[in-house]
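If you want the building blocks of each chain, they are given just below.
There are 4 protein chains.
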Amino acid sequence: MIVVLKNGTKPEQIDNLKAWLKSMGIDTHMSVGVNHTIVGLVGDTSNVDVDLVRSLDIVEKVQRIQEPFKNANKKFHNERLVVDVNGVKIGGGEFQIIAGPCSVESREQVCYVAECVKKSGAGFLRGGAFKPRTSPYAFQGLQAEGINLLQEAKKMTGLPIVSEIMNITHLPLFDPVDVVQVGARNMQNFELLKELGRTNKVILLKRGLANTIDELLMSAEYIMAGGNENVILCERGIRTFETRTRNTLDLSIIPVLKKLTHLPVVIDPSHALGYSYMVKPMALAATAAGADGLMIEVHNDPPHALCDGAQSLTPDAFDDVAKAVFQIRPFACKFDD
Amino acid sequence: MIVVLKNGTKPEQIDNLKAWLKSMGIDTHMSVGVNHTIVGLVGDTSNVDVDLVRSLDIVEKVQRIQEPFKNANKKFHNERLVVDVNGVKIGGGEFQIIAGPCSVESREQVCYVAECVKKSGAGFLRGGAFKPRTSPYAFQGLQAEGINLLQEAKKMTGLPIVSEIMNITHLPLFDPVDVVQVGARNMQNFELLKELGRTNKVILLKRGLANTIDELLMSAEYIMAGGNENVILCERGIRTFETRTRNTLDLSIIPVLKKLTHLPVVIDPSHALGYSYMVKPMALAATAAGADGLMIEVHNDPPHALCDGAQSLTPDAFDDVAKAVFQIRPFACKFDD
Amino acid sequence: MIVVLKNGTKPEQIDNLKAWLKSMGIDTHMSVGVNHTIVGLVGDTSNVDVDLVRSLDIVEKVQRIQEPFKNANKKFHNERLVVDVNGVKIGGGEFQIIAGPCSVESREQVCYVAECVKKSGAGFLRGGAFKPRTSPYAFQGLQAEGINLLQEAKKMTGLPIVSEIMNITHLPLFDPVDVVQVGARNMQNFELLKELGRTNKVILLKRGLANTIDELLMSAEYIMAGGNENVILCERGIRTFETRTRNTLDLSIIPVLKKLTHLPVVIDPSHALGYSYMVKPMALAATAAGADGLMIEVHNDPPHALCDGAQSLTPDAFDDVAKAVFQIRPFACKFDD
Amino acid sequence: MIVVLKNGTKPEQIDNLKAWLKSMGIDTHMSVGVNHTIVGLVGDTSNVDVDLVRSLDIVEKVQRIQEPFKNANKKFHNERLVVDVNGVKIGGGEFQIIAGPCSVESREQVCYVAECVKKSGAGFLRGGAFKPRTSPYAFQGLQAEGINLLQEAKKMTGLPIVSEIMNITHLPLFDPVDVVQVGARNMQNFELLKELGRTNKVILLKRGLANTIDELLMSAEYIMAGGNENVILCERGIRTFETRTRNTLDLSIIPVLKKLTHLPVVIDPSHALGYSYMVKPMALAATAAGADGLMIEVHNDPPHALCDGAQSLTPDAFDDVAKAVFQIRPFACKFDD
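Chains as they are written, first to last, in full-length UniProt numbering: chain P, 1 to 337; chain V, 1 to 337; chain L, 1 to 337; chain D, 1 to 337.
Only chain P is shown next, with the shape it has when bound in the complex:
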């Protein structure tokens, strides 16, 4: 971190600053220029509060050099993370499609969809048991029963399952769930992240609707700081002024994350865009850009789905998308490691 001091800062003020930094274990390197005095901070600055330093009367500008995340930082990992769930691998060159219904509705529904998506090549089954809904009057998911039904579909197909958690007290129910999803609205539910950091579950962490890529990495850091290193990052759209799509899918997150972190990156075009007709082109785009995986909603009967029908594909439409994705995958962008 580099701190530029204002003109006219007095020597004793500089000494106070150095002493305060020293108390946090940070050494300083002073450089007196023509117009400005610059203080270089030496040491681990990840716990220095940039806003606080910026607020000091004597400070003109602050520039962070070091990223504030460590566990999630590619610099400190020689190899990209390959998450292995019962032999199904994602990351570090391994690509997977996670598919299934937005909400688990019935045994018939989830088992049928599971068999379909498996046949089309999906590596994971997704399904919502607990649903975050904007309205308290909307369907909130089958809850514990939903997890049971996912487990049956897993037994039948062998597909590992992905499901969203909203409340840490539900954790025991998630025992059969292979990948625990943290939804966009909970990306900065730090209490939930901390608890998940103490588990040995694979976590799929979705980017919040208005969160920066750096904040996504800091939320991953919350989980990893607790000892759980198995984190998959997922983009599902950010909020902008555009109204033809539900959200704006930010695919540039792929090269940015590939540069900053060793964690796998998954793209969810279904939730991001909100219309099924956009899923295929955006799934192909994400694959071509080098995503490690896709998350796609599939429903046996989209118009009667209890939620998010507008964005679901039928099993046949999903099969078409999956074929196109696997066809394009060999030509996808690769990132130097």
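Because the hints were derived from the structure by calculation, they are not lab data.
Model, not experiment: these values are computed from the prediction.
Even glycine gets a Cβ: it sits at the ideal position worked out from N, Cα and C.
The reader is advised that the hints may include incorrect statements.
Some, not all, of what chain V presents toward chain P, calculated at C-beta under 8 Å [claimed, not checked]:
hint, residue
1, T45
2, S46
3, D49
4, L171
5, R185
We have chain P already, so just place chains V, L and D on it with the hints.
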């Protein structure tokens, strides 16, 4: 809700739609125009999923007429809500300033600040015991000890206290807290909202960084649907591309909320903008626009605060702001009821 | 267009509304429902001001059904537009890369880059002669001399040239330019658009930084309403809160535009993102999603470019990107017509 | 400007950098730290391209210290600008309301409105003769005839007039116009700005829908660099995801601009928000925050206005707003100079 059907929709498809709506207790009124057939939905449509209806093959457009919130809706309340906390009133013409440090740091700090802000006219003391921090390595608050210190400051000054909750399992610790704050990052932590709906605490609900005004009202609805009607709404800035301020303070939320809901509206200029020099003009603006209250950070020693120092006022600066606010308050915009 | 009237609207008010609409050539179809009266507008509503109708005292809601653009509307064109510039075709299945330096700097530079990009398979040479710069003190382009140099490069390579216009009085200088670009900042410079509508130049129209897709189409409509039907649309990023990229490249514009218009769609990843390392993955993504073309900055010596060096590729790096793009193109998403 | 070099930068690379900067008249001050070498740039860096420096292979980070605007910079002006138009003053403690119809429609309309707003205390008459409309099929203004009618209203009332220019070739028509407005969509129409910089007209420059405050100042700089120092800045809302208002009125621009520039700041709540019921609270807010003026739409018959009726006030409603504004003005925030 009005549903516009596509040209060429078959009579049996229309019958199916009517039957499906009927199964949800919704009657329909058909209107066959020159270019389009329009279906008017009659009944309580607050639990109808607009996205799902829009996704149906036969549907061209959907327009919601009724707001999806009921308990928070001004239409169903003859009077504006006046929240009364130990005789300190806010809403319905009663105006209050909520002031205090971002984080509770020590007995001396919180008691000193409490006495100062009381003297300047604040009606509530705020102080963070549990702090939502982007980084897991940043100071997370004094936690239970912080609540104890707030309680001491309350005993000394008589000011009711406001503090943020992040985890529902902490609720017992919040027994001495008069107003429980839900922070921006937890505005859509629906599990937390549901639990708070079952308490009899006054809740101060902050708008999320990228949430619409309607979503804020739906989150209030989550709390109120559980039986807790004492909700105060708070604007603290939304995320935009502007970089000279931390967030963009959306003061137009005041007339919008005054039109839509009977709940009190509080504005927090300190967190929204991130710089103390902007607090006074924005506090005056919010007051003039007709806010029911302000939430302002005050710290005895801003440059050494453990968090958010850049946006804190000294007690003297706060006194100056409070004086100006109380001076302008009689000339503030009033809303017809 | 559908207009929902407020409860309690009087018959004479409805008659006034009908008469006013009639005066604009619009017939009405009335539907009296249980809660609301709905007015369906019959006729060409593209010149009805939605905001004005919404402002009427008796109006509750307005819903546009018809799109307000006609010339740019796919519904009124049986075939997708194929723009043919001296035999180089783009749109309707024909794919092209437009490549070249941000600014024309010298004969050597532009001719060398032109030969390089032609060898790599580019179909058009781009180069800025007039540069829109945020600062009046920054390099504003070689202007007329820049156009001359582009013309020389065109003679040498046969590549048609693309260059940006900022002032309609410069039009005579653009005689040798094959495709006249309207930059993001001028997307709603309606006076410029009208004038370009009276020319027979091919226009490449870039989306503004904060413009919706519908507004982009309305700007195309300005050009086409003047009689010039040769418009190519270009996405170059929208402004969001994300700071790791200069702008957020909205690739979902591809399926949206393919649904709404018959005009070709080009993606410019260089300007959108601002960093050369993101160009390859995003170029592949855009191609896979079904774009009709790409616009990519190439500079013989990026670190010494007079502008936008950070986002330019060297000719070698461009060759690598072009190879990957042409390899992935056969597997790109196709859109039903 | 401070440039942080990457670890491992070679001495000859540093020499090249210093030589390149020297060629632009910039001296350097080197500081070799433990982890990084920092180059401080000494001299006028307003014409150094930050993006270009950032793109150099050897550069890790760049931090601008100096603002890139000079003429518009408060640092270089001892006093705040007071714009004087025929004795009507705005800025530097002088406050004015600019009021009138969105579009000039007829002699009766504009003269009637002018007399009304004058009686209510407005200092300027506004009226659109040339209208920027999203649709080419919408009413584009009375154009030259509109200017004539404004001139008649000016003769009748003595109010100086404000009207928007969209095309520099119209400049001769603007001879009777006292304040020439540059609309949001033309804020970065640099060719128009340059031409206006060569006139001696007072310019009212509106912030673009997605432009930062710094970009607004750079556009003012374009005008001022040409020799025209009479620039008034105007906020009229920025684009966000919120849908209850047309745009989000960013009132924090007032303290930010008061810190950065000596130019007067005017707020336009009518265009920003799009609904007349929000005008009063936001006009009061802007006044309280310390704006130098307001721009408010007034129409004799809002529901029949040819454009923007939803946001217009009747003369009576305007009179009520103006009274409240003048009442609150003495208590507005003041800024140290």
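Right, here's what the structure says about each hint:
1. T45: Violated: closest Cβ of chain P sits about 10 Å from V:T45, beyond 8 Å.
2. S46: holds (5 Å)
3. D49: holds (6 Å)
4. L171: Violated - the Cβ of V:L171 stays beyond 8 Å from chain P, reaching only about 12 Å at its closest.
5. R185: holds (4 Å)
Of the hints listed earlier, those the structure fails to meet are numbers 1, 4, in rising order.
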